[in-house]
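If you're matching them up, the sequences are chains A and B in order. In this text, residue positions in the first sequence follow my numbering: the first is 334, and each later residue adds one. In this text, residue positions in the second sequence follow my numbering: the first is -19, and each later residue adds one.
Hint data in this document are derived by calculation from the structure and do not stem from the laboratory. It is possible that some hints are incorrect.
With beta-carbon atoms standing in for the labels, derived distance ranges [said to hold, decoys possible]:
(1) B:Gly132 to A:Gly632: 21 to 31 angstroms
(2) B:Gly182 to A:Ala457: 34 to 44 angstroms
(3) B:Thr279 to A:Asp494: 16 to 26 angstroms
(4) A:Ala457 to B:Arg224: 26 to 36 angstroms
(5) B:Glu(-18) to A:Asn642: 18 to 28 angstroms
(6) A:Ala457 to B:Val223: 55 to 65 angstroms
(7) A:Val349 to B:Val223: 53 to 63 angstroms
(8) A:His373 to B:Arg224: 36 to 46 angstroms
(9) A:Ala778 to B:Asp19: 57 to 67 angstroms
Here are the simulated lysine-lysine pairs, PhoX-like style, with alpha carbons at most 25 angstroms apart [as the list claims (entries may be wrong)]:
(10) B:Lys92 to A:Lys389
(11) B:Lys85 to A:Lys389
(12) A:Lys385 to B:Lys276
(13) B:Lys302 to A:Lys777
(14) A:Lys777 to B:Lys92
(15) A:Lys455 to B:Lys92
Take a look, some chain B residues computed to stay more than 12 angstroms from chain A by CB distance [unchecked claim]:
(16) Gly44
(17) Gly45
(18) Ala46
(19) Trp91
(20) Gly102
(21) Asp124
(22) Gly132
(23) Leu133
(24) Thr192
(25) Ala202
(26) Thr264
(27) Thr271
(28) Met278
(29) Ala282
(30) Phe300
(31) Arg301
Here a beta-carbon is modelled for each residue, glycine too, at the ideal position from N, C-alpha and C.
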Amino acid sequence: MDALDVARWQFGVTTVYHFLFVPLTIGLSVLVAILQTMWHRTGNERYLKLTKFYGKLFLINFAMGVVTGIVQEFQFGMNWSDYSRFVGDVFGAPLAIEALVAFFLESTFIGLWIFGWDRLPKRAHLASIWAAAIGTNLSAYFILAANSFMQNPVGYRINPDSGRAELTDFPAVLTNKVALITFPHTLAGSFLVAGSLIVAVGLWHVIRNRDSADAGAYRFATKFGSWVVLVASAAVLFTGDIQGKIMTDVQPMKMAAAEGLYTTESPASFSVLTIGSLDGSREVFAIKIPYLLSYLGTGDPNGTVHGINDLQAQYATQYGAGSYTPIIPVTYWSFRFMIAFGMAAGAIALLVLWSQRKGRTPSSKWLLRAGLAMPVLPLLANSFGWIFTEMGRQPWIVFGEMLTRNGVSRSVSLAEVLTSFTAFTLIYATLAVIEVKLLLRYAKAGVPDVSEQPPTDDTDDAERPLAFAY
Amino acid sequence: MELTTIWFLLVAVLFTGYFILEGFDFGVGMLLPVLGRDDRERRVLINTIGPVWDGNEVWLITAGGAMFAAFPEWYATLFSGFYLPLLLILLALIARGVAFEYRHKRPEASWKRRWDAAIVVGSLLPAILWGVAFANILRGVPLDADHEYVGGLLNLLNPYALLGGATTLALFLTHGAVFLALKTTGDIRERAGALAVRLGVGAAVLAVGFLTWTLSIRSSAAAVVLAVGAALALLGALAAARVRREGWAFTGTAVAIGLAVATLFAALFPNVLPSTLDAAGTLTATNAASTPYTLKIMTWVAVIFTPVVLAYQGWTYWVFRKRIGVANIPQH
């Protein structure tokens, strides 16, 4: 074990952890804004209750996303300083713009929304949640543009004197084809998580609190969330399909690693699962769907998909001796888990909708269990998606330009990075337990009572309680 | 003006804004057990910064991002070199950020006590460590010819840097007390006002000592003027706090912190991280900078968006301008 390994583990753990909160923030900010808009349009209190109810869950999650995000920005400089030196000219710009254009918008307007219920005109208050939601979604774009440069570097040149990447075409970085497709794919994955959370919580109340005065609100939430999940599932599939073809084009090794395809094949089949040795020497059992990998990678059922061995040989010639193959079991299984967990959420959403057809009230214990599992499934899908895309890029930190092992900080000792890794893991684990307990507590508590209006006379204004206070 | 100079100024402005804004919310966090005698009072304190602390912290994220984009060498060397202090700052910011949001989520006293501790420690550590870090930037650190930090942790804990930490601590405490006197009513306002004066005397002594020492290490005409301005602003703030002119007192501490940070940057320029070893290791606004093309794009983005950000963030402070007291704290 050396500092490089620990730095990599830290990046993996902190990033996967951060991205447990990000999808909910991205998706729920918009869905809560939609619920509040419905309240404005209809005046129906049901939507106000749901806005406040899911708004609370959103904020419990939001806080975690904010604080774990700062770590991400600092981590590049702390653990990956040679990487930062190499790409700073290109990679820093989207990060700085993200902070200036998106984070300020998000953080400032979320504060206005939380505390502004009685301080802002109704319309300005509604605009606040939309501004925060737009900020959140915009931030995703800039960070994905930065990440896409690592997958498919564009709009730069290598300065022959300094050996560093220099920006030559900023619009090209922002319109990197990998970024353009990763953005909608990530958003769709995020709405999958957010919709699933809305369904899970709603369904729990629909089944457990069937006589509640708010049963109608929960029924609506459950259906609303289910439709979001279904639309998001379709979007995930559609964007994922395009993404697979772009990936095959710009990072063929990643596609080969997704399948564990050692020799070039045309047509290539996709294995649903494989038991045996994944080093390609022996296959004990596999379920294969013919033509599918060719279709996923090229759009043509008979298309050629390059194998790991050929690509390895080609890269060795191009970049010099060494291994250019990711860890195949990791890429193989994370790719499958991503697809399976993501699609499972969509399937459960269909069941939930079916169970409520024509005004029926579901009561199945099994449906409830499946519903409660729903938010976890797309969260896992998101995590495995990131693990796949980052591990599939290895050994590169910037594909074709810099190896991960060359990006690590030289001045940071193993002891330092171990301290850091341990500290983050411990604090993150503790906070995860606290956060989940709080989410469950507030999810069970149900929609709030919104009937009590603040007194309208202005005489004791100074004494009036705040509409919301920490 | 050179693009690199513009970006040196912008990074300086972002850190200055960060310390002015998060300075008072660090102060409020540290004063939680001092000025908040019971849970209701503590909630008053927390709610004075509730709507704004998150936006304040984005100044740091933007400063970090701007440093990364405009001066990658500076960002890389500084963040890997000041590893453990930055780690502690990150852990502290995590703990306090979550604490603000979660503290009121359960009624148990033990639950609140733990989050209070997170807020206090989470505000105290960065209040000291930012001073230590910036003093070390100004003093210079051992960098080899590749601009790699070659000192250890103890290298960062020199007397000058520790004085820097004590100074930011005292300044932020004063700034927080002054802010609370401005934003609360009744008993808390009285106690905060009285405490601000006492804290302010200590802060003034430390700040004058620290800035004098700073100017003896490296200096420029601008730095001297700014340092004198910082001292005068702090004395003005003290005088205003004594007669309970809370708005003026807050303006005074804000200007004092701003000018003190500006002094450091003015004394530092054109260096961004001097080396105490090989002069070739010194990072300057020129040799640490990105290419002119990157800087030009970033300048356009900054010119367009900074006024917008300032406008809506300023508006937030206007929306939440009212003082609050224990009567305004709802039951839940």
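For each hint, the structure was consulted:
no., hint, in the structure
1, B:Gly132 to A:Gly632: 21 to 31 angstroms, "violated, 56 angstroms"
2, B:Gly182 to A:Ala457: 34 to 44 angstroms, "holds, 42 angstroms"
3, B:Thr279 to A:Asp494: 16 to 26 angstroms, "holds, 24 angstroms"
4, A:Ala457 to B:Arg224: 26 to 36 angstroms, "holds, 34 angstroms"
5, B:Glu(-18) to A:Asn642: 18 to 28 angstroms, "violated, 52 angstroms"
6, A:Ala457 to B:Val223: 55 to 65 angstroms, "violated, 37 angstroms"
7, A:Val349 to B:Val223: 53 to 63 angstroms, "holds, 55 angstroms"
8, A:His373 to B:Arg224: 36 to 46 angstroms, "holds, 43 angstroms"
9, A:Ala778 to B:Asp19: 57 to 67 angstroms, "violated, 21 angstroms"
10, B:Lys92 to A:Lys389, "holds, 19 angstroms"
11, B:Lys85 to A:Lys389, "holds, 10 angstroms"
12, A:Lys385 to B:Lys276, "violated, 44 angstroms"
13, B:Lys302 to A:Lys777, "violated, 35 angstroms"
14, A:Lys777 to B:Lys92, "holds, 21 angstroms"
15, A:Lys455 to B:Lys92, "violated, 32 angstroms"
16, Gly44, "violated, 5 angstroms"
17, Gly45, "violated, 4 angstroms"
18, Ala46, "violated, 5 angstroms"
19, Trp91, "violated, 10 angstroms"
20, Gly102, "violated, 10 angstroms"
21, Asp124, "violated, 9 angstroms"
22, Gly132, "violated, 9 angstroms"
23, Leu133, "violated, 9 angstroms"
24, Thr192, "holds, 32 angstroms"
25, Ala202, "holds, 26 angstroms"
26, Thr264, "holds, 15 angstroms"
27, Thr271, "violated, 5 angstroms"
28, Met278, "violated, 6 angstroms"
29, Ala282, "violated, 7 angstroms"
30, Phe300, "violated, 7 angstroms"
31, Arg301, "violated, 10 angstroms"
Consistency note: the structure conflicts with the earlier hints numbered 1, 5, 6, 9, 12, 13, 15, 16, 17, 18, 19, 20, 21, 22, 23, 27, 28, 29, 30 and 31.
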